[in-house]
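Participant: These are the residues of each chain, in order.
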Amino acid sequence: MSYRKIERLVTPGEFHFVGDGFKVHNFVPGDTGLDQRRMDPFVMLDYNAPMEVKASDGKPKGVGPHPHRGFETVTIAYKGNVAHHDSHGGGGVIGEGDVQWMTAASGVLHKEYYSEAFNKQGGIFQMVQLWVNLPAKDKMSTPKYQSIENANMPKVTLADGKSYVEVIAGEYVGNKGPASTFTPIHLLNAKLQKGGHADFDFPENYTVAIIAIDGNATINGEQKIKTNQLALLDRSATDFSISAEENAVILILAGEPIGEPIASYGPFVMNTKDEIITAMNDFNVGKFGFLED
Amino acid sequence: MEKLQNELFRDYLVKKSGLTDVEWQQILPELKCREVKKGEVLVEPGVSFPYFFFVEKGLLRFYSLDKDGKEHIVQFAPENWFVGDRNGAYCGTPTEFWIDVLEDSTVIVLDKYFIEKIESISPSFRKANEGLLQNHIRLLQQRINMLLSATAEQRYLSFIQLYPNLTLRVPQWMIASYLGITPESLSRVRRKLAEQYKRKKN
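Residue numbers (the numbering used here), protein chains in the order written: chain A, 1 to 293; chain B, 1 to 202.
In isolation and in its complexed conformation, chain A is listed as follows (with noise of 0.2 Å):
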């Protein structure tokens, strides 16, 4: 049997900050060979490796108001949590486990900061934001915010009976996950003990990626990832497993690729350059709402 084969392995480089709080390395579009072209649906990928947060009675950090449009933030809270507000009324606090996915489509100023409660006590802080490209008919539509607690999300237990994953969106094995999507999309969490195996299948001309949050794995029995690394999967195949050399948390991102153009410019992500002076032309103008800082 033939399974997707490793196709290029990053380690995470130079990290950079996005506002003062989030200390992140930056995976999609940044890494040789993870251009949005290669990586549909998936346009933006920055990762918080863990990071310890001092306690602080100051005001919490993160990142101020400002726009999106054309596309989907997914957050997904490892450890520390993250407050979020938006211009379309969407906002709320998402812990360890959680994950906030919001649709922007045609536009919304939002801000993301620690949680008051996280910025006095401190601690790990260690999160994944993703952005979800949307097909041109849906860029337009009008914004949304899933809030998806962690309670929500089906745990299929694997035969080990103590690993198990965790569907976010999409599903696994039969088990959909709570967040709805605009196009075929599947985001998993593999918690495996250490030893434990899990098998997965997306059809072969799926986007498939996959990070090391915690712990090294094996990859179809023969190619390793560590902590931190993020492996992109060939197009060879339909299959592939993932077994845990230690107590591990892998998270898989799978997705159809919308194989329309993209025209990326800081926060909008359309599909013409026409678009993106459109869109920065209505956010200076107040067509994005407005939200204070």
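Just so you know, the hints here were simulated from the structure itself, not pulled from any lab data.
A hint or two may mislead.
Restricting the straight-line Cα-Cα distance to at most 30 Å, the calculated cross-link-like pairs of lysine-lysine (DSS-like) are [as the list claims (entries may be wrong)]:
#  : chain 1 : residue 1 : chain 2 : residue 2
1  : B       : LYS37     : A       : LYS59
2  : B       : LYS200    : A       : LYS137
3  : A       : LYS176    : A       : LYS54
4  : A       : LYS273    : A       : LYS5
5  : A       : LYS111    : A       : LYS273
6  : A       : LYS176    : A       : LYS137
7  : B       : LYS37     : A       : LYS61
8  : A       : LYS194    : A       : LYS144
9  : B       : LYS38     : A       : LYS59
10 : A       : LYS155    : A       : LYS194
11 : B       : LYS38     : B       : LYS70
12 : B       : LYS198    : A       : LYS144
13 : A       : LYS287    : B       : LYS201
14 : A       : LYS273    : B       : LYS15
15 : A       : LYS59     : B       : LYS192
16 : A       : LYS137    : B       : LYS198
17 : A       : LYS61     : B       : LYS38
18 : A       : LYS23     : B       : LYS57
19 : A       : LYS144    : A       : LYS5
20 : A       : LYS144    : B       : LYS200
21 : A       : LYS273    : B       : LYS38
22 : B       : LYS70     : A       : LYS111
23 : A       : LYS23     : B       : LYS38
24 : A       : LYS226    : A       : LYS54
25 : B       : LYS37     : A       : LYS23
26 : A       : LYS111    : B       : LYS15
27 : B       : LYS57     : B       : LYS70
Ranges between beta-carbon positions, derived for each pair [as the list claims (entries may be wrong)]:
#  : chain 1 : residue 1 : chain 2 : residue 2 : range
28 : A       : GLY33     : B       : LEU139    : 40 to 46 Å
29 : B       : GLY180    : A       : GLY58     : 27 to 33 Å
30 : A       : GLY33     : B       : LYS201    : 39 to 45 Å
31 : B       : ARG188    : A       : ARG8      : 44 to 50 Å
32 : A       : MET51     : B       : LEU139    : 43 to 49 Å
33 : A       : VAL285    : B       : VAL109    : 53 to 59 Å
34 : B       : GLN141    : A       : ASP293    : 29 to 35 Å
35 : A       : ASP293    : B       : GLN154    : 19 to 25 Å
36 : B       : SER64     : A       : ALA117    : 42 to 48 Å
37 : A       : ASP293    : B       : LYS127    : 45 to 51 Å
38 : A       : GLN223    : B       : TYR113    : 44 to 50 Å
Cβ atoms here follow ideal geometry from the backbone N, Cα and C, with glycine treated the same way.
Given the structure of chain A, go ahead and fit chain B onto it with the hints provided.
Facilitator: Relative to chain A, chain B alone:
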């Protein structure tokens, strides 16, 4: 494909003045290109700095500090903008301004001798350069009038025409500094525009 250093400057000259390939080849050996890092100070008051800059990539800021240490931004220089202080560049006198780098940038370093050289090589550049100078003065006149007589909203609307993508690249307080208003006033303007749009839409 990303353009190589100097190519964007060449594209600019070709577009504005119709500079030929032969003329460009004569200019090229004397062209000075620099990579500058965010936060770097390129010009500071009290010094006669004979150079000015063309920004190929990135963003520079031209500003003064008052006696209380408050910044007053005179000009932003994103891609395809020139920025420099005439005191040092043309009169040999010390400057009263700062120029610093807001984003990692690629700049072409110019001086009056180099501009004279391009003018001697290319008559069409001489004519185009005069046009650019007149346009620069026209914009300065508009800016002075704006600062003397326009409302905060008019200043903001003029700013987004001139610099459509800077609202994404610089913090609010810098835009407010450029407009000569407080950040709170800028925030009120943006809130008002958003509310007006919402009312119109409903």
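Participant: Each hint needs a verdict: does it hold in this structure or not?
Facilitator: Hint-by-hint comparison with the structure:
no. : hint                               : in the structure
1   : B:LYS37 with A:LYS59               : holds (29 Å)
2   : B:LYS200 with A:LYS137             : holds (24 Å)
3   : A:LYS176 with A:LYS54              : violated (38 Å)
4   : A:LYS273 with A:LYS5               : violated (35 Å)
5   : A:LYS111 with A:LYS273             : holds (26 Å)
6   : A:LYS176 with A:LYS137             : holds (25 Å)
7   : B:LYS37 with A:LYS61               : holds (25 Å)
8   : A:LYS194 with A:LYS144             : violated (39 Å)
9   : B:LYS38 with A:LYS59               : holds (25 Å)
10  : A:LYS155 with A:LYS194             : holds (18 Å)
11  : B:LYS38 with B:LYS70               : holds (20 Å)
12  : B:LYS198 with A:LYS144             : holds (17 Å)
13  : A:LYS287 with B:LYS201             : holds (10 Å)
14  : A:LYS273 with B:LYS15              : holds (21 Å)
15  : A:LYS59 with B:LYS192              : holds (26 Å)
16  : A:LYS137 with B:LYS198             : holds (23 Å)
17  : A:LYS61 with B:LYS38               : holds (22 Å)
18  : A:LYS23 with B:LYS57               : holds (25 Å)
19  : A:LYS144 with A:LYS5               : violated (36 Å)
20  : A:LYS144 with B:LYS200             : holds (22 Å)
21  : A:LYS273 with B:LYS38              : holds (27 Å)
22  : B:LYS70 with A:LYS111              : holds (28 Å)
23  : A:LYS23 with B:LYS38               : holds (18 Å)
24  : A:LYS226 with A:LYS54              : holds (27 Å)
25  : B:LYS37 with A:LYS23               : holds (20 Å)
26  : A:LYS111 with B:LYS15              : violated (40 Å)
27  : B:LYS57 with B:LYS70               : holds (28 Å)
28  : A:GLY33 with B:LEU139: 40 to 46 Å  : holds (44 Å)
29  : B:GLY180 with A:GLY58: 27 to 33 Å  : holds (30 Å)
30  : A:GLY33 with B:LYS201: 39 to 45 Å  : holds (43 Å)
31  : B:ARG188 with A:ARG8: 44 to 50 Å   : holds (49 Å)
32  : A:MET51 with B:LEU139: 43 to 49 Å  : holds (45 Å)
33  : A:VAL285 with B:VAL109: 53 to 59 Å : violated (37 Å)
34  : B:GLN141 with A:ASP293: 29 to 35 Å : holds (34 Å)
35  : A:ASP293 with B:GLN154: 19 to 25 Å : holds (23 Å)
36  : B:SER64 with A:ALA117: 42 to 48 Å  : holds (43 Å)
37  : A:ASP293 with B:LYS127: 45 to 51 Å : holds (47 Å)
38  : A:GLN223 with B:TYR113: 44 to 50 Å : violated (60 Å)
Hints 3, 4, 8, 19, 26, 33, 38 from the earlier list are contradicted by this structure; the remaining hints agree with it.
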